[in-house]
Amino acid sequence: MAGAGTLAPVAFAEAAEGQAETKVLTGRFEPGTADFVYLPVEVPAGVSQLSVVYSYDKPAVPSGTPGNSCDIGIFDNRGTALGGDGFRGWSGGFRDRFSISRTEATPGYLPGDITPGIWHIVLGPYTIAPQGLNYRVEVTLTHGPAGAPYRPNYPSERTRTRGRQWYRGDCHLHTVHSDGKRLPSEVAAGAREAGLDFITSTDHNTSSSHGVWGEFAGDDLLIMLGEEVTTRNGHWLALGVRPGQFVDWRYRSRDGELPEYQRAVHRSGGLCVAAHPYCPWVGCNFKFGYTGFDAVEVWNGPWTWDDDAAVSEWDNTLVESVRGKGSWLPAMGNSDAHNPGQTIGLPQTVVLADALTRDAILDGIKAGRSWIAESAGVDLSLAATGPRGQAAGIGDRLAVAAGDKVAVRLDVSGVPNGTVRLITDEGQVFQQSLPASGSGSVSWLTTPAVSAYVRAEVRHPLADGSAGAPALSAGLNFGAMAAMTNPIFLDRV
Numbered sequence: 004m005a006g007a008g009t010l011a012p013v014a015f016a017e018a019a020e021g022q023a024e025t026k027v028l029t030g031r032f033e034p035g036t037a038d039f040v041y042l043p044v045e046v047p048a049g050v051s052q053l054s055v056v057y058s059y060d061k062p063a064v065p066s067g068t069p070g071n072s073c074d075i076g077i078f079d080n081r082g083t084a085l086g087g088d089g090f091r092g093w094s095g096g097f098r099d100r101f102s103i104s105r106t107e108a109t110p111g112y113l114p115g116d117i118t119p120g121i122w123h124i125v126l127g128p129y130t131i132a133p134q135g136l137n138y139r140v141e142v143t144l145t146h147g148p149a150g151a152p153y154r155p156n157y158p159s160e161r162t163r164t165r166g167r168q169w170y171r172g173d174c175h176l177h178t179v180h181s182d183g184k185r186l187p188s189e190v191a192a193g194a195r196e197a198g199l200d201f202i203t204s205t206d207h208n209t210s211s212s213h214g215v216w217g218e219f220a221g222d223d224l225l226i227m228l229g230e231e232v233t234t235r236n237g238h239w240l241a242l243g244v245r246p247g248q249f250v251d252w253r254y255r256s257r258d259g260e261l262p263e264y265q266r267a268v269h270r271s272g273g274l275c276v277a278a279h280p281y282c283p284w285v286g287c288n289f290k291f292g293y294t295g296f297d298a299v300e301v302w303n304g305p306w307t308w309d310d311d312a313a314v315s316e317w318d319n320t321l322v323e324s325v326r327g328k329g330s331w332l333p334a335m336g337n338s339d340a341h342n343p344g345q346t347i348g349l350p351q352t353v354v355l356a357d358a359l360t361r362d363a364i365l366d367g368i369k370a371g372r373s374w375i376a377e378s379a380g381v382d383l384s385l386a387a388t389g390p391r392g393q394a395a396g397i398g399d400r401l402a403v404a405a406g407d408k409v410a411v412r413l414d415v416s417g418v419p420n421g422t423v424r425l426i427t428d429e430g431q432v433f434q435q436s437l438p439a440s441g442s443g444s445v446s447w448l449t450t451p452a453v454s455a456y457v458r459a460e461v462r463h464p465l466a467d468g469s470a471g472a473p474a475l476s477a478g479l480n481f482g483a484m485a486a487m488t489n490p491i492f493l494d495r496v
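If you count the sequence shown from 1, position 308 lands on 311 in the working numbering, and the numbers rise without skipping.
Quick caveat, the hints were computed from the structure, so don't treat them as lab data. Source: prediction; values computed, not measured. Every residue, glycine too, gets a C-beta built ideally from N, C-alpha and C. Treat the hints with caution; some may be incorrect.
Claimed, not checked - Estimated spans, in silico, between C-beta atoms of each pair:
#, residue 1, residue 2, range
1, Glu218, Gly166, 24 to 34 Å
2, Ala452, Arg81, 41 to 51 Å
3, Glu20, Asp258, 26 to 36 Å
4, Arg139, Glu218, 32 to 42 Å
5, Pro12, Gly344, 40 to 50 Å
6, Gly217, Glu263, 24 to 34 Å
7, Ala472, Gly344, 26 to 36 Å
8, Gly217, Asn137, 38 to 48 Å
9, Gly217, Ser256, 30 to 40 Å
10, Pro152, Glu218, 15 to 25 Å
11, Ala386, Trp284, 52 to 62 Å
12, Pro69, Gln22, 36 to 46 Å
What the hints assert, rightly or not - Under the rule of at most 27 Å between Cα atoms (straight-line distance), these lysine-lysine pairs were calculated in the DSS-like manner:
#, residue 1, residue 2
13, Lys290, Lys408
14, Lys61, Lys26
15, Lys61, Lys184
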């Protein structure tokens with residue numbers, strides 16, 4: 004476990020039904036405090052609700068110096084062990100209070116019995132100002148009958164099949180169950196409005212939203228369950244996990260714990276995806292490497308410089324996979340939408356799958372049979388054809404003789420005045436502009452001897468209206484991405 008500490012316990016006595024008792028703890032964290040500090044709370048029998056309110060000071064700091072930021076969550080009497088069963092909720096720094104009862108809980112937290120024993124409030128001092136961080140935690144236990152049990156409504160893992168086709172989806176979305184401002188109902192409505200066929204719920208470090216999605220799924224919208232595993236050394240997406248599955252996040256790269264949680268996701272049939280690897284915020288830049296991951300999110304939200312960096316690094320991994328003749332890491336794009344001003348489905352991953360089901364969509368993502376679009380208004384196809392009619396599509400391998408001519412064709416629509424780029428292990432090898440209509444086709448010839456793979460990008464014009472070009476310059480070489488594909492590999496036989 005990442006650095007952790009434990010404070011002295013707070014004890015409560017048994018009380019009469021209807022009585023509430025509150026205790027307050029104050030303390031101080033100095034710079035260099037452990038990542039997680041646990042406050043034990045001795046919970047007696049007969050408690051129907053546990054409530055917590057916390058606060059901390061935020062002294063002024065010089066520009067460029069992190070100020071105070073402290074997260075919060077809770078584990079029940081089953082303990083705080085990594086990967087254990089004790090997790091009961093997390094709100095990070097998004098809320099200053101929460102409550103849990105058998106019937107309901109604050110979003111981010113899991114309803115259920117307030118079982119007697121030692122619970123642990125977990126404080127996570129994310130950043131600490133040079134002056135230190137003074138905190139106050141107020142714990143209230145209310146005694147009384149437990150109430151009716153919570154009944155989760157999980158979404159189906161299948162829809163009425165539409166057969167093998169391209170399905171559009173967004174696999175990185177947040178709700179009020181973490182730091183988002185949309186209700187699950189609003190996320191589902193936004194996905195339908197964006198023309199999506201599937202989404203994945205990925206709230207930070209909690210599975211609390213899993214039990215509400217069943218109401219909003221349907222044959223027109225597959226809703227898969229997940230989590231954005233938010234560590235101090237980067238974020239990753241656990242996609243398509245089983246209902247209620249919790250994936251632990253209390254470790255850093257140096258701790259060596261990540262593979263255990265990757266295996267847990269894989270055992271459940273899910274996928275592990277490295278998220279926004281070049282995000283510049285504290286704790287977001289991805290430090291784990293890509294071993295054990297099934298895909299990498301190279302495009303996160305509206306196109307920015309960090310997406311360009313992620314695509315460049317990902318392209319290097321493709322070359323490495325060719326040299327080693329090993330597995331390769333498919334690319335994904337997701338919106339990471341949190342708030343009403345952020346567009347669900349910008350971008351979206353378009354997956355070739357045998358059916359609109361959890362297993363089929365995840366299989367397509369893992370195989371790299373996918374491409375990324377900024378919206379449902381953009382469409383494309385990429386194919387490679389050998390001299391005897393052998394054909395391969397996105398994510399496939401075309402095996403032909405080293406000197407055989409391979410015809411590559413890209414058809415695209417929805418990108419007015421866009422720039423088509425074909426990229427191989429040598430870099431950009433072809434460029435052509437699209438007309439004002441946004442639709443066009445390009446063809447290009449190569450051989451496996453000179454091209455280990457080929458992939459396509461479609462870019463918007465630069466701000467001055469120009470198409471862009473590979474260059475060593477202070478400015479951007481190309482405009483924002485409109486669409487990009489996973490590669491077609493050209494294998495020499």
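To see whether the hints hold, each was checked on the structure:
1. Glu218 to Gly166: 24 to 34 Å: holds (27 Å)
2. Ala452 to Arg81: 41 to 51 Å: violated (60 Å)
3. Glu20 to Asp258: 26 to 36 Å: Given about 45 Å between the Cβ atoms, the range is violated.
4. Arg139 to Glu218: 32 to 42 Å: Given about 38 Å between the Cβ atoms, the range holds.
5. Pro12 to Gly344: 40 to 50 Å: holds (44 Å)
6. Gly217 to Glu263: 24 to 34 Å: holds (30 Å)
7. Ala472 to Gly344: 26 to 36 Å: For Ala472 and Gly344 the Cβ distance comes to about 33 Å; the hint holds.
8. Gly217 to Asn137: 38 to 48 Å: holds (43 Å)
9. Gly217 to Ser256: 30 to 40 Å: Holds, since Gly217 and Ser256 (Cβ atoms, about 36 Å apart) stay within the stated range.
10. Pro152 to Glu218: 15 to 25 Å: At 18 Å between Cβs, range holds.
11. Ala386 to Trp284: 52 to 62 Å: With a Cβ separation near 39 Å, Ala386 and Trp284 fall outside 52 to 62 Å, so the hint is violated.
12. Pro69 to Gln22: 36 to 46 Å: holds (42 Å)
13. Lys290 to Lys408: violated (41 Å)
14. Lys61 to Lys26: holds (23 Å)
15. Lys61 to Lys184: Roughly 24 Å between the alpha carbons, so the hint for Lys61 and Lys184 holds.
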